[in-house]
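Protein chains in written order, with this note's numbering: chain F, 1 to 316; chain C, 1 to 316.
Derived by calculation from the structure, the hints in this document are not laboratory data. Among these hints, one or two may not hold up.
[As the list claims (entries may be wrong)] Derived coverage of chain F by chain C (criterion: at least 3 residues anywhere in the stretch with Cβ under 8 Å from a Cβ of chain C; other residues may be distant):
1) 96-106
2) 145-156
3) 195-208
4) 251-262
[As the list claims (entries may be wrong)] Cut-off 25 Å, straight-line C-alpha distance, at most; resulting in silico cross-link-like pairs (DSS-like, lysine-lysine):
5) C/K129 x C/K5
6) F/K85 x C/K5
7) F/K129 x C/K141
8) C/K141 x C/K271
9) C/K279 x C/K242
10) F/K129 x F/K85
On a predicted model such as this, the values are computed, not experimentally measured, just so you know. In this text, a Cβ means the ideal position worked out from N, Cα and C, and glycines have one as well.
2 protein chains.
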Amino acid sequence: MNIRKNVVILVGGVGGAKMAVGLANILPPDALTVIVNTADDFEHLGLHISPDVDTLMYSLSGLVNPSTGWGLEGDTFQAMEQIRKYGGPDWFNLGDCDLGTHLVRTHLLNRGLTLTEITQYLCSRLGIKQHLLPMTNDQVKTILDTDQGELGFQEYFVRERWLPAVHGIRFEGSSTAAPSPEAALALETASLIILGTSNPFLSIDPIISIQGISERILKATVPRIAISPVIAGKAIKGPTVKLMTELGVEPSPVGVAEHYQNLLDGFILDKQDAALCDKVEGLGLRTAAFQTYMASLADKITLARQIINWVEDSFG
Amino acid sequence: MNIRKNVVILVGGVGGAKMAVGLANILPPDALTVIVNTADDFEHLGLHISPDVDTLMYSLSGLVNPSTGWGLEGDTFQAMEQIRKYGGPDWFNLGDCDLGTHLVRTHLLNRGLTLTEITQYLCSRLGIKQHLLPMTNDQVKTILDTDQGELGFQEYFVRERWLPAVHGIRFEGSSTAAPSPEAALALETASLIILGTSNPFLSIDPIISIQGISERILKATVPRIAISPVIAGKAIKGPTVKLMTELGVEPSPVGVAEHYQNLLDGFILDKQDAALCDKVEGLGLRTAAFQTYMASLADKITLARQIINWVEDSFG
Numbered sequence: 001m002n003i004r005k006n007v008v009i010l011v012g013g014v015g016g017a018k019m020a021v022g023l024a025n026i027l028p029p030d031a032l033t034v035i036v037n038t039a040d041d042f043e044h045l046g047l048h049i050s051p052d053v054d055t056l057m058y059s060l061s062g063l064v065n066p067s068t069g070w071g072l073e074g075d076t077f078q079a080m081e082q083i084r085k086y087g088g089p090d091w092f093n094l095g096d097c098d099l100g101t102h103l104v105r106t107h108l109l110n111r112g113l114t115l116t117e118i119t120q121y122l123c124s125r126l127g128i129k130q131h132l133l134p135m136t137n138d139q140v141k142t143i144l145d146t147d148q149g150e151l152g153f154q155e156y157f158v159r160e161r162w163l164p165a166v167h168g169i170r171f172e173g174s175s176t177a178a179p180s181p182e183a184a185l186a187l188e189t190a191s192l193i194i195l196g197t198s199n200p201f202l203s204i205d206p207i208i209s210i211q212g213i214s215e216r217i218l219k220a221t222v223p224r225i226a227i228s229p230v231i232a233g234k235a236i237k238g239p240t241v242k243l244m245t246e247l248g249v250e251p252s253p254v255g256v257a258e259h260y261q262n263l264l265d266g267f268i269l270d271k272q273d274a275a276l277c278d279k280v281e282g283l284g285l286r287t288a289a290f291q292t293y294m295a296s297l298a299d300k301i302t303l304a305r306q307i308i309n310w311v312e313d314s315f316g
Numbered sequence: 001m002n003i004r005k006n007v008v009i010l011v012g013g014v015g016g017a018k019m020a021v022g023l024a025n026i027l028p029p030d031a032l033t034v035i036v037n038t039a040d041d042f043e044h045l046g047l048h049i050s051p052d053v054d055t056l057m058y059s060l061s062g063l064v065n066p067s068t069g070w071g072l073e074g075d076t077f078q079a080m081e082q083i084r085k086y087g088g089p090d091w092f093n094l095g096d097c098d099l100g101t102h103l104v105r106t107h108l109l110n111r112g113l114t115l116t117e118i119t120q121y122l123c124s125r126l127g128i129k130q131h132l133l134p135m136t137n138d139q140v141k142t143i144l145d146t147d148q149g150e151l152g153f154q155e156y157f158v159r160e161r162w163l164p165a166v167h168g169i170r171f172e173g174s175s176t177a178a179p180s181p182e183a184a185l186a187l188e189t190a191s192l193i194i195l196g197t198s199n200p201f202l203s204i205d206p207i208i209s210i211q212g213i214s215e216r217i218l219k220a221t222v223p224r225i226a227i228s229p230v231i232a233g234k235a236i237k238g239p240t241v242k243l244m245t246e247l248g249v250e251p252s253p254v255g256v257a258e259h260y261q262n263l264l265d266g267f268i269l270d271k272q273d274a275a276l277c278d279k280v281e282g283l284g285l286r287t288a289a290f291q292t293y294m295a296s297l298a299d300k301i302t303l304a305r306q307i308i309n310w311v312e313d314s315f316g
């Protein structure tokens with residue numbers, strides 16, 4: 001079987017976007033589906049903001065700000081300056097061009113289009129040929145139980161800069177949310193399912209908290225793999241390790257593999273963690289160790305190629 | 001009686017803003033109340049836009065773009081560029097800084113504040129000391145009956161560039177709208193009421209279409225005057241003359257004076273129209289003729305001073 005035929009990757013924001021870009025560079029556009037977390041979406045200043053969808057959209061179109069991994073390259077912040085003059089909420093930085101995206105999305109949502117329809121439309125306008133799919137058209141919201149009380153994702157992540165200690169995470173709405181029909185179909189027809197290098201608790205868990213998604217992954221007969229977002233006890237970016245520690249999960253690739261365990265057939269670690277392969281194999285998973293840190297486009301492409309080749313060799 | 005104590009001027013956008021700026025330069029801040037048309041307000045891309053309120057706010061704060069008379073000086077249009085990339089609606093141009101205003105206003109409206117409260121707050125943040133008051137907190141909408149069917153104000157004015165011929169105008173919601181308490185109180189305690197150099201049909205009529213406003217002007221015992229927005233058969237700007245012709249009203253200061261007649265005690269024409277003073281006086285109004293075209297700040301101040309002096313001399 002051709003595992004390159006319909007590769008489906010689940011992602012959150014910046015980390016997952018890097019892997020998606022790598023895959024986009026080695027697969028035919030029609031053979032890559034990216035299912036993206038929308039539990040970080042929020043209403044801000046009357047706008048519907050989908051941070052992870054935007055990060056993927058800007059990354060796949062090549063418009064992303066390369067120094068941050070999110071936002072648009074060369075964007076300006078005039079509107080924010082004016083909002084600041086009014087003493088308006090300025091904890092979530094909105095670029096002027098980025099505002100154009102939020103305004104059009106909000107406009108189309110108000111007209112009754114689904115987030116999936118809107119994402120497909122915006123992607124087509126930006127020339128993106130891969131399938132970028134929000135995990136659901138329903139509302140799911142990541143709520144963190146912290147030492148400062150309950151916080152929405154953006155409040156925790158952006159406003160409080162992930163400083164509060166987290167005791168628990170829940171995904172409000174996920175028990176009644178359905179995957180978008182497009183995401184469900186992609187999983188059913190997938191030739192390979194990848195859980196991307198995103199935060200397992202904040203980016204991947206909200207996606208698999210939707211039963212219609214996790215069940216389809218559980219039932220899938222094609223290879224299902226994950227790539228560790230933890231390298232040598234550290235996360236490339238963001239609160240992954242801090243969060244794992246606070247939640248009592250071993251902050252290592254092994255902890256990540258255990259967390260996903262029953263959804264997976266294979267697990268990729270960074271070569272710095274190659275010594276942990278045995279432990280992960282003890283969970284019943286096949287493993288490989290590559291350079292998973294992606295600094296350049298070449299790194300992204302190399303890793304994508306290694307992953308695909310390894311799956312072909314190990315599961316073909 | 002001191003007619004300078006509490007001057008109330010009714011205005012629309014750019015034309016009325018010039019007069020308000022002139023008055024603001026010769027009166028103590030607390031002695032000037034500007035009641036502004038909100039029947040051009042509209043929802044666009046999910047934002048509540050109050051074009052006339054903004055024009056007055058930007059004019060009184062000195063932030064206005066001097067070349068257009070509306071919008072913010074030095075504003076950029078990055079968000080619009082992005083909206084255009086998505087094929088979004090671009091007929092209403094939104095500056096990036098200007099968007100900051102719309103976002104904060106919409107945010108505060110969604111939190112339940114009234115347009116008056118929000119306007120007062122935004123004005124205070126911009127250092128405006130005069131009283132700028134929306135005519136109402138209720139929704140009133142200018143609807144034009146044209147040869148292209150019914151059009152909302154912005155569709156007629158901006159999108160269609162006032163090209164369609166107008167057969168009639170109505171102000172949806174005005175029969176149930178109440179003046180804001182602040183606007184009602186200002187009219188009741190006014191020492192002088194001025195109908196500004198704005199379009200009588202599109203800017204002043206929506207204000208006086210609210211019974212609680214027109215009745216207070218009718219009952220007022222203080223001088224009530226208007227300044228003709230028509231000079232030598234032409235409007236400084238916008239569709240005033242075209243509209244008067246289409247509606248069968250004489251496109252001259254006399255036509256304007258007749259239109260307002262029972263609300264007024266005095267009427268100011270441009271000196272180019274001085275020959276028409278007799279005709280206007282035949283309507284029972286006192287008249288004066290000044291240079292009413294305001295190209296510079298000095299022009300605005302001079303006209304404001306002449307008006308106030310004339311009212312003191314004629315009605316004192």
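- Query: Which of the numbered hints are not met once you compare them with the structure shown?
  - Reply: 2, 3, 4, 6, 7, 8 and 10
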